[in-house]
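K.L.:
Fit chain Y to the supplied structure of chain D, relying on the hints for placement.
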Amino acid sequence: MTSTSTDSRLSGGRAPVPPEGGAGASLAGTALAALATVRDPELDEPITTLGFVASCVVSCDGRAVVRLRLPTYFCAPNFAFLMVADAYDAVTAVPGVQAAEIILEDHFASDAINAGVAAQAGFVASFDGEAVAELGDLRAQFLRKAVMAGTDQVCRPLVAAGVTPAELLVLTLGAVPASPQLLRLRQRRAELGLPAGDDAPLLIDPQTGERIAEASVPLHLRKARVTRAGLDANTSICSGMFRVRYPDGWTA
Amino acid sequence: MYQKDGEKYFIVDSHMHYWSAGPDNWVKGAEQYAKGWIECFHAYQGLGPAETHWPIEKFMSYTEDDLMKDVFADGHVDVAIFQPTYLKEWYTEGFNTTERNAALGEKHPGKFIANTRFDPRDGDIGIEELRRNVERYGSKGVKLYTAEWNNGSRGYKLSDPGAYRYLEKAQELGIKNIHVHKGPTIWPLDKDAFDVSDVDHAATDFPELNFIVEHVGLPRIEDFCFMATQEPNVYAGLSVAIGGLMHARPKFFAKVMGELLFWVGEDKMTFGSDYGIWEPKWQIEGFVDWQMPDDDDLSDYQKLTTAGKKKILGLNAAKLYDIEVPAEFLVPAQAGTPAAQDDAQLVSGS
Numbered sequence: 001m002t003s004t005s006t007d008s009r010l011s012g013g014r015a016p017v018p019p020e021g022g023a024g025a026s027l028a029g030t031a032l033a034a035l036a037t038v039r040d041p042e043l044d045e046p047i048t049t050l051g052f053v054a055s056c057v058v059s060c061d062g063r064a065v066v067r068l069r070l071p072t073y074f075c076a077p078n079f080a081f082l083m084v085a086d087a088y089d090a091v092t093a094v095p096g097v098q099a100a101e102i103i104l105e106d107h108f109a110s111d112a113i114n115a116g117v118a119a120q121a122g123f124v125a126s127f128d129g130e131a132v133a134e135l136g137d138l139r140a141q142f143l144r145k146a147v148m149a150g151t152d153q154v155c156r157p158l159v160a161a162g163v164t165p166a167e168l169l170v171l172t173l174g175a176v177p178a179s180p181q182l183l184r185l186r187q188r189r190a191e192l193g194l195p196a197g198d199d200a201p202l203l204i205d206p207q208t209g210e211r212i213a214e215a216s217v218p219l220h221l222r223k224a225r226v227t228r229a230g231l232d233a234n235t236s237i238c239s240g241m242f243r244v245r246y247p248d249g250w251t252a
Numbered sequence: 001m002y003q004k005d006g007e008k009y010f011i012v013d014s015h016m017h018y019w020s021a022g023p024d025n026w027v028k029g030a031e032q033y034a035k036g037w038i039e040c041f042h043a044y045q046g047l048g049p050a051e052t053h054w055p056i057e058k059f060m061s062y063t064e065d066d067l068m069k070d071v072f073a074d075g076h077v078d079v080a081i082f083q084p085t086y087l088k089e090w091y092t093e094g095f096n097t098t099e100r101n102a103a104l105g106e107k108h109p110g111k112f113i114a115n116t117r118f119d120p121r122d123g124d125i126g127i128e129e130l131r132r133n134v135e136r137y138g139s140k141g142v143k144l145y146t147a148e149w150n151n152g153s154r155g156y157k158l159s160d161p162g163a164y165r166y167l168e169k170a171q172e173l174g175i176k177n178i179h180v181h182k183g184p185t186i187w188p189l190d191k192d193a194f195d196v197s198d199v200d201h202a203a204t205d206f207p208e209l210n211f212i213v214e215h216v217g218l219p220r221i222e223d224f225c226f227m228a229t230q231e232p233n234v235y236a237g238l239s240v241a242i243g244g245l246m247h248a249r250p251k252f253f254a255k256v257m258g259e260l261l262f263w264v265g266e267d268k269m270t271f272g273s274d275y276g277i278w279e280p281k282w283q284i285e286g287f288v289d290w291q292m293p294d295d296d297d298l299s300d301y302q303k304l305t306t307a308g309k310k311k312i313l314g315l316n317a318a319k320l321y322d323i324e325v326p327a328e329f330l331v332p333a334q335a336g337t338p339a340a341q342d343d344a345q346l347v348s349g350s
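Heads up: the protein sequence lines correspond to chains D and Y, in order. Numbered according to our numbering, the first sequence spans residues 1 to 252. Numbered according to our numbering, the second sequence spans residues 1 to 350.
Chain D extracted, bound-state conformation:
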C-alpha cells in the first residue's frame, strides 16, 4: 500500500494537500492546480480526478514532492512514464517552485521511471535496452482516440435532436451549441494541431484533419461511438481496480 501519511491521503473530494500553513501550503495548492492539467493519456482524464495524486507537498523554500499511484502494479510503463514526466513539467513550471520530485509508488517500474524523469532522461534512456522509441506517437495516437470519443459525445445529442448526417457534414464547430464536451473536443483537436476554430468542420478525420466524405458519415459516427465505448469500458476497469487497491482513493 501507499506510504503517504493519512492526513495527505485523498478522501472523498478533498484535495491531497496536507494541512500546513504558510507559503508552502499556498504553493501546494497552485501545484495541485497545475497537476490537474496532467491527464492519463489512455483514459483522457486528469490524474487529479482519477485519484492518482496521493499527495502534493511544497516546502517553504519551494521544493515540491508529489506522490503518484496507479490502479495496478503492472500498469503500462509507457503511460506511467508520460504521467510522471508531465507531472514534473507541470509542477516545475509553477512560479515559486524551485525543484520538484515526482515519486511513482507501488509500481514495478517505479525506480526506472522516477530516476529517468528526475534526470530528464526520456523513455528510451530510462529503460536502457528495453525500449527503442520515445512516446510522442503513442500520445498522439491516444489523443486521436480522444477526438473520436469526443466526436461521439458532441454528435449524439445532435443526432437525437434530429440532425441528419447531411446536416452534420456541413456543421462547423462554431455552429454547435456550446458545451463542456465541445470545449474538450476543440482542445484535443488543437493539441493535435487539427483544425479547432469556429470555421472548422465538426466531422474530420483525426489522422489527416480532412473533412469526412458524405458517404462515410454513418461509419464515422459508428467508429466514434465504439471508440467512446472502449474508452469508457477501459476507465471503468481501471477505476474498479484502483478502488480495490486504494479503497479510499477514488474521487471521479
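Any given hint could be a false lead.
[To be verified] Distance ranges between label pairs, derived from CB positions:
| id | chain 1 | residue 1 | chain 2 | residue 2 | range |
| --- | --- | --- | --- | --- | --- |
| 1 | D | A115 | Y | A73 | 46 to 54 Å |
| 2 | D | S26 | Y | K28 | 43 to 51 Å |
| 3 | D | E210 | Y | P23 | 34 to 42 Å |
[What the hints assert, rightly or not] Here are some chain D residues pointing at chain Y (derived, C-beta under 7 Å):
| id | residue |
| --- | --- |
| 4 | E130 |
| 5 | S236 |
| 6 | G240 |
Everything labelled a hint here was simulated from the structure, so no lab data went into it. Don't be surprised by glycine CBs; every beta carbon is placed ideally from N, CA and C.
P.N.:
Same frame as chain D, but now just chain Y:
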C-alpha cells in the same frame, strides 16, 4: 449445463486456468514480480460480486477440489479449456503450464481440453516442445502472450517471421485455434502489446486458423472491432469483458456488448470465465439473465436472443473445438441475429 426458464445451455468455458502462484513457487530474485502479478489478478476478482471474493492465500493456491467444485459442480460448465501461462521468469515451475493443466485434465476425462502455447523466440527447441505437447495432450489450440518477457526480449508480434514459422508448424501439427492475449495486465514498453494489427496480418495469411482475441483487445476494443469485422476467422474472447464489467459496471458492459454484437456478431463471440480470477457460476447465470437495457442511449444496440446467448456461452466454442453437443442444446441454423456489420466494405471503404 445450465437450465433457466425451460431453456438448456451447453456451457464451454473457453478460457480458464489452474495456476500455482504461492510464495513456494516464486523465483528467487523475482519475488516482487511474482507477488505483484498475482496481487494484480486478485484485484481483478474484486470487480466481481463480493460474495465470490477469495482471500489472497486461496487465490494464490486454489486446489483441484476448489476448481472442480467452482467450475463443474457449482459452475454449470460442461467442458473447460485450459489456457496456459508460463511466466517462468517469475514462477519456478511456471504459473500455469500445459503439463500442470493436463495432469489435472487426465484425472477427469471429457471435462477438459488442454491447450498448449508457444513462443517464437524459443527457436527450434520450442518447435520440438510444441510437437511433443500436441502429441501428448492432443492440443487443438494455443494461448499466446505476445508481450511476455523472454530472455531479454520484451515481446514479439504475431506478424514477425519467427511467429509465422511457428504458425505454419502449428497448423501442420493440427492446431486450429490461436488464442491471443490482447488485454490488460502484461506490460508493454515501447512495444505496444495492445496493438491488434499483428493479428490482422496473421489472420489474413492463415485463413485456416481461427484467431480468438482474448479480452477483446481491451483497452483497444475499437481497433479490435474494426479488424475483426474484416476477418472471418477472428473471434472475440469475452474473458474479462463479462467478469470485469457485467457486475461492476453494467452500463458500460451493455455498451461493450452492443458494440461487439454490432461489429463482430454473436456467431464469433466466446465465453471464458478466466477462472480462478472469477468463478463461472455468477457470470453464466448473470449473462443468461442479461439483456440490453431499454435506456435511450442504448436504443440503437440490438437485443440478444436466447439463441445468441446459447452460441456465446458454448455452441461457438464447441464448433471451434469439435466438441459434440447433444441435440437438446442446439439452436436452429438460422436462429439468432448476425452481426449488423457483416459488410467489410463499410470499414475498408472508409
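K.L.:
Of the hints given before, which are not true for this structure?
P.N.:
3
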